[in-house]
Amino acid sequence: MTNWYYFWLFDFAVAGTAFTVILAIVAVRGFADLMSMFRQLDEEQKK
Amino acid sequence: MNFHAIDWIIVVLYLAGTMAAGLYGKRYVTGLGDFLVAGRKLGTFIGVATLAATEIGTITFMYNAQLGFTAGFSSFIVGLISGCVMIFIGKTGFLVKKMRAMGIMTVPEFFEQRYSRRLRLLTGILVAIGGILNMGVFLKVEGTFLLLISGVSRDYLKEMMTGILILEVLYTVLGGMVSIVITDFIQFVFLGIGTVLITGFTIYRAGLDNMFHAVSTNRGLAGFDPILNSDFGWGFIVFQVLLWLAVDTCWQTTAMRTFSTKDPETSGKVLVWTGFIFLGRGMMPMLWGIGALAMLGPHVDSLEAMPVMIAKILPVGVLGLVTAGMLAATMSVNSSYLLGWSSVIAQDVVGPARKEPLSQTAQIRLNRVTNLFVSLFVWFWGVWYTLPGPVYFYLNMTGTIFLAGAFAAVTGGLYWKKANTVGGYSAMLAGAAGTVGFFFMKLPVNYAGVLSFALAAIGMIVGSLLGGSNKRAVGKIA
Numbered sequence: 185m186t187n188w189y190y191f192w193l194f195d196f197a198v199a200g201t202a203f204t205v206i207l208a209i210v211a212v213r214g215f216a217d218l219m220s221m222f223r224q225l226d227e228e229q230k231k
Numbered sequence: 157m158n159f160h161a162i163d164w165i166i167v168v169l170y171l172a173g174t175m176a177a178g179l180y181g182k183r184y185v186t187g188l189g190d191f192l193v194a195g196r197k198l199g200t201f202i203g204v205a206t207l208a209a210t211e212i213g214t215i216t217f218m219y220n221a222q223l224g225f226t227a228g229f230s231s232f233i234v235g236l237i238s239g240c241v242m243i244f245i246g247k248t249g250f251l252v253k254k255m256r257a258m259g260i261m262t263v264p265e266f267f268e269q270r271y272s273r274r275l276r277l278l279t280g281i282l283v284a285i286g287g288i289l290n291m292g293v294f295l296k297v298e299g300t301f302l303l304l305i306s307g308v309s310r311d312y313l314k315e316m317m318t319g320i321l322i323l324e325v326l327y328t329v330l331g332g333m334v335s336i337v338i339t340d341f342i343q344f345v346f347l348g349i350g351t352v353l354i355t356g357f358t359i360y361r362a363g364l365d366n367m368f369h370a371v372s373t374n375r376g377l378a379g380f381d382p383i384l385n386s387d388f389g390w391g392f393i394v395f396q397v398l399l400w401l402a403v404d405t406c407w408q409t410t411a412m413r414t415f416s417t418k419d420p421e422t423s424g425k426v427l428v429w430t431g432f433i434f435l436g437r438g439m440m441p442m443l444w445g446i447g448a449l450a451m452l453g454p455h456v457d458s459l460e461a462m463p464v465m466i467a468k469i470l471p472v473g474v475l476g477l478v479t480a481g482m483l484a485a486t487m488s489v490n491s492s493y494l495l496g497w498s499s500v501i502a503q504d505v506v507g508p509a510r511k512e513p514l515s516q517t518a519q520i521r522l523n524r525v526t527n528l529f530v531s532l533f534v535w536f537w538g539v540w541y542t543l544p545g546p547v548y549f550y551l552n553m554t555g556t557i558f559l560a561g562a563f564a565a566v567t568g569g570l571y572w573k574k575a576n577t578v579g580g581y582s583a584m585l586a587g588a589a590g591t592v593g594f595f596f597m598k599l600p601v602n603y604a605g606v607l608s609f610a611l612a613a614i615g616m617i618v619g620s621l622l623g624g625s626n627k628r629a630v631g632k633i634a
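Residue numbers (the working numbering), protein chains in the order written: chain A, 185 to 231; chain B, 157 to 634.
Take these hints with a grain of salt, some might be off.
Computed from the model, here is a short list of chain B residues facing chain A with C-beta under 7 Å [as the list claims (entries may be wrong)]:
| id | residue |
| --- | --- |
| 1 | G348 |
| 2 | D381 |
| 3 | I383 |
Listed next, the stretches of chain A that the computed footprint assigns to chain B, with coverage defined by at least 3 CB atoms under 8 Å from CB atoms of chain B [said to hold, decoys possible]:
| id | segment |
| --- | --- |
| 4 | 192-203 |
| 5 | 208-219 |
Quick list of simulated restraints, FRET-style, between CB atoms [said to hold, decoys possible]:
| id | chain 1 | residue 1 | chain 2 | residue 2 | range |
| --- | --- | --- | --- | --- | --- |
| 6 | A | E227 | B | R510 | 45 to 51 Å |
| 7 | B | A172 | A | V198 | 36 to 42 Å |
| 8 | A | V198 | B | K314 | 37 to 43 Å |
| 9 | B | G545 | A | R223 | 31 to 37 Å |
| 10 | B | Y571 | A | F191 | 33 to 39 Å |
| 11 | A | T201 | B | K574 | 42 to 48 Å |
| 12 | B | F533 | A | V212 | 37 to 43 Å |
Honestly, the hints are just simulated from the structure, not real lab data.
Because the structure is a prediction, the values reported are computed rather than measured.
For glycine and all other residues, C-beta sits at the position ideal for the given N, C-alpha and C.
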């Protein structure tokens, strides 16, 4: 039981850390992607 | 009432901001490609935000917390499989890169290019039935969550469901995929912050030691070992691997995100990043369910335990912020699902059934009309239908109605030269037939799930071998 518990705790730690780090990265770089998408859609509308 | 004035202000400000952003997207919709796949302009990070926001909703938190409450730490196996399978697909490009390279907008379109127009129609019908039944329970579960967390009376469930539906229909119908991408980004940030906050408060208030003791006392070894747990076992694990392979490649709302990326390589990167998020998407709310078991005991309703606990542990202000995050999750999932399933009806059921092709304007109008009809059905289904067991199992099996057959037919169609239309029909019908055991004969989800995928694979192989020559070979489409 204890071995399973530590196994799941390790998995949870990896999952929680990955979630938090990716959330931070995507929040910053996703905004830049969004602006780039708007620019491209604007350019296509002007054509 | 659990909410204070500051909590209501945060929620209302959030809703107003998201609606404004969603309506802003309308100016960019000039054609069907903009409406359904955002003009295929998604970069990696906005792709991750929109895919993650689409597949993380209040419904996701509720069913995962319910699994955590009933199965303890064993439930983590579901989160582990969903994340690892998505990372595998992103790394290898299995199915998704070839489908993205075909330039299709919906999964059933693949069936016309590879098999036949009539098989596309059948697939469209099965996709719509499975998808809409799947979404049918969302509003009720989400409405229940919001009432419990805010402390508003349960008598207002129908009003809450109506309110959620009106908001999401408004900006989905008006702006299509461009609106959804904008709001998904805002919602991903909000729901992500909400998820991290609730996890932190749950660990702080419930305590990991207490959670361990609650699971060992109430669930025994089955609360830690998924093989020993009667709800899971090896059959369930095999089913989950197959199901998540199918979800990540053939599930309309997920596929629409990979089809919306700017190139096939970007779709692979999006899936790898989102796969890591999926590990947390499963395990974090499961831990909330375990926390609820530790704090409230085993005799609370398994689905309602998590929101009741959250309302108890979060301080004023944080409760409003977290509820805004949950509302964000609700709106992003529901709007994407509405767009996904209504686009299948418009593109793959009504479209192929007509002799004359529709103009782009007529197609967008048709998408909007089907959107409204799907919304109404979801509302009535939510009010009328009573779930037969855990929400997660119901969602698995409604999805499997078409996923088992679609996965066999897409895999065969892309990687096996002998795959043909007869095989495609056999796979779709046999896969759907396998789910009958769950809905009408009370077959456990693990048996019914594996049976559906096995029948679909057998249908694909036997049907193709008996079906004669193939007119549309692999090399001609991919």
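inquiry  = Going through the numbered hints above, which ones does this structure break? Give me the numbers in ascending order.
reply    = 3, 6 and 9
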